[in-house]
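Novice: What follows is the residue order along each chain.
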Amino acid sequence: MKPLVFALEREPDQRLDLAPLTPHALNGKSAKEIAQIELQTTREKIAVGDIFKIRSGDAQTIVFEGGSERLDNIGQDLKSGEIIVEGDVGKSVGRSMSGGNLVVAGDAGPYAGSALSGGRLEIAGNAGDFLGAPLEGEIEGITGGFLIVRGDAGSRAGDRLRRGTIVIEGSAGDYPGSRMIAGTLIVLGASGVLPGYLMRRGTIALANPPELAPTFVDCGSHELAFASLFARLLRPESRGAAKLFSSLLNRFAGDTAALGKGEILYPA
Amino acid sequence: MRPIVRNGVRIDESFAEAFPMRGTAIVITGPNQKWARQAATTMTGFATSVIGCGCEAGIDHELSAKETPDGRPGVRVLIFAMSTDTLQTQLVNRVGQCVLTSPGSACFGDLDGGDRLQIGDAIRYFGDGWQVSKKFGARHFWRVPVMDGEFLCEATTGLTKKAVGGGNLLIMGATPKTTLRATELAVEAMNGVKDVILPFPGGIVRSGSKVGSKYKAMSASTNDAYCPTLRGAVATNLDEDIGCVLEIVIDGLTEQAVAKAMRAGLAAIVKLGPEQGAVRVGAGNYGGKLGPFHFHLKDLLP
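Chains as they are written, first to last, in the working numbering: chain A, 599 to 866; chain B, 102 to 403.
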């Protein structure tokens, strides 16, 4: 089946909300109907056909040819199917997605994978601040699914993570895993200050940990069956993450300034 | 009835009558094969017959480190019971008392399907609040802190309502020695079949039973028609040349697996021949009215 293609004709001169362009929303619509969909924006009214050249195909796979940091909310509420972006995206890519596969070949802005609850989101480039985090006023960040960033992530990655797995193959900014409720956050590069700040439960695995807060307490180094299990589960997605979980791991429990039932693991 | 003869071994024109059971499968891993096997052996102990043990359990096969979820050597265990409730109780009791306790062990579900049985979902409470839930994709695990580290246990495993219990072969020979030799070879061949277990000691039962007894308290009693020492005294099923009878009972996750195991066992017995092994093979049934699965020996011949 041919995919449905949106070829970006020029750099948009204002931010565009592309949340309506998902497989379940476009299923059964003709190229003409899709071209008439009005996009939310900042100043002037704009329709999909004004900025994208549409090549019709099966909406179960949507391809964006070209990207821009002004393209916001791509793949919002994605339930199934696939979206591939051959370029950069703006804020909140994959926000609240519950299934399917979303791949960004370039960089992503802030709040990538915000409140993800299922499916798989891959960002080949870098991600901005608040990776997977909840928006203001929301209680939970990611509650399921799998998010992988091949490059670096900004500050507060995995904020309020509740369930599911985040892998950052590059480095993470300050406060990775802040206020984590549970779930798993893995950082293979460097990590900014105070990982796991006020985390309650959950696992943060760091290949290169910074100095930990004194509210994390040393529980020794261990060979954990859980780590070798996760090494095998992660290997198809990230060899680096698999390697990290294959090593002997130091376990620090914390953040004892909060509930204290979480852990930071790093190679012994 | 005139028996079928294969390589000098008489095959009764009879059938094994088997019953529907609930079945499940788990994988137990350990720091090495010895301790994986130890945990599996302990948890499948005293599980020969649902009548007295609550369930029937055994080792399906061993797994190399490459084949297990956590990359350590493992053993696949099958457990069968007559009801879902009993199976659930037996599974949690046995994993809790025999696998959780075994050094370095971990436990995983190994049967797909929508019907689920709890393992870690029940055993996690041993963690007294320190248990850790870990999800990856659709799989859910529990980490329970224990004195040698952590007990890793999958939350649930699958349940099949299409399991079959009570497939059997009656192996008859001239002496205990030759009969045991034939039966051991049959057990060895059947151990190579996946999705089945032979729940009795070493796969063999020597005290086959009939329904009912002269004593009110007993619901089953010795199968006198197959007791060689009563050959002249009762309405016997034994011929003049038979001095010993041993039985193999088979439980399987599917009807096909039980048939495959019986076929493998029969082939091994026939190959050995009557001088060194069994002179005759039969199968146990209740006239065909009680159990829905009938495994006819003539259909399973080599």
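Rather than coming from a laboratory, the hints here were simulated on the basis of the structure.
For clarity, every value in this text was computed on a predicted model and none was experimentally measured.
Backbone N, C-alpha and C define an ideal beta-carbon position, used for all residues, glycine too.
Some hints here could point you the wrong way.
Capping the alpha-carbon separation at 20 Å, the derived lysine to any residue pairs in SDA-like fashion look like this [as the list claims (entries may be wrong)]:
no., chain 1, residue 1, chain 2, residue 2
1, B, K236, A, R798
2, A, K677, B, G238
3, B, K236, A, R653
4, B, K236, A, R830
5, B, K236, A, D648
6, B, K311, B, K236
Here are the simulated distance ranges between beta carbons [as the list claims (entries may be wrong)]:
no., chain 1, residue 1, chain 2, residue 2, range
7, A, A866, B, P403, 49 to 59 Å
8, A, G858, B, A321, 34 to 44 Å
9, B, K135, A, G858, 33 to 43 Å
10, B, K311, A, E835, 50 to 60 Å
11, A, E821, B, I152, 53 to 63 Å
12, B, K295, A, V791, 48 to 58 Å
13, A, Q634, B, S165, 18 to 28 Å
Novice: Is 34 to 44 Å respected by the C-beta to C-beta distance linking G858/A and A321/B?
Specialist: The hint (34 to 44 Å, Cβ to Cβ) is violated, given that G858/A and A321/B are roughly 57 Å apart.
Novice: Taking the CB of K135/B and the CB of G858/A, does the distance hold inside 33 to 43 Å?
Specialist: Check passed, 37 Å falls within 33 to 43 Å.
Novice: Regarding the pair K236/B and D648/A, is the alpha-carbon distance no greater than 20 Å?
Specialist: Between K236/B and D648/A the Cα gap is close to 43 Å, so the pair fails against 20 Å, i.e. violated.
Novice: Given the range 53 to 63 Å, decide if the beta-carbon distance of E821/A to I152/B lies inside it.
Specialist: violated (43 Å)
Novice: Measuring from beta carbon to beta carbon, are K295/B and V791/A in 48 to 58 Å?
Specialist: At 53 Å between Cβs, range holds.
Novice: Between K311/B and K236/B, does the CA-CA distance stay at or below 20 Å?
Specialist: Outside the cut-off at roughly 49 Å; violated.
Novice: Could one say that the CB atoms of A866/A and P403/B fall in the range 49 to 59 Å?
Specialist: holds (57 Å)
Novice: For a C-alpha distance cap of 20 Å, please report whether K236/B and R798/A respect it.
Specialist: The given pair, whose Cα atoms are some 17 Å apart, holds under the 20 Å limit.
Novice: Is the gap between the beta carbons of Q634/A and S165/B within 18 to 28 Å?
Specialist: Taking Cβ atoms as reference, Q634/A and S165/B lie about 59 Å apart, which means the hint is violated.
Novice: With respect to the beta-carbon atoms only, verify the hint that K311/B and E835/A lie 50 to 60 Å apart.
Specialist: Roughly 59 Å apart at Cβ, these two residues keep to the hinted range, so it holds.
Novice: Would the pair K236/B and R830/A pass a check requiring their Cα atoms to be no farther apart than 20 Å?
Specialist: Holds. K236/B to R830/A sits at ~14 Å (cutoff 20 Å).
Novice: K236/B and R653/A: Cα distance at most 20 Å?
Specialist: Given that 20 Å is the threshold and the Cα spacing comes to 39 Å, the pair is violated.
When each numbered hint is compared with the structure, violations occur for hints 3, 5, 6, 8, 11, 13.
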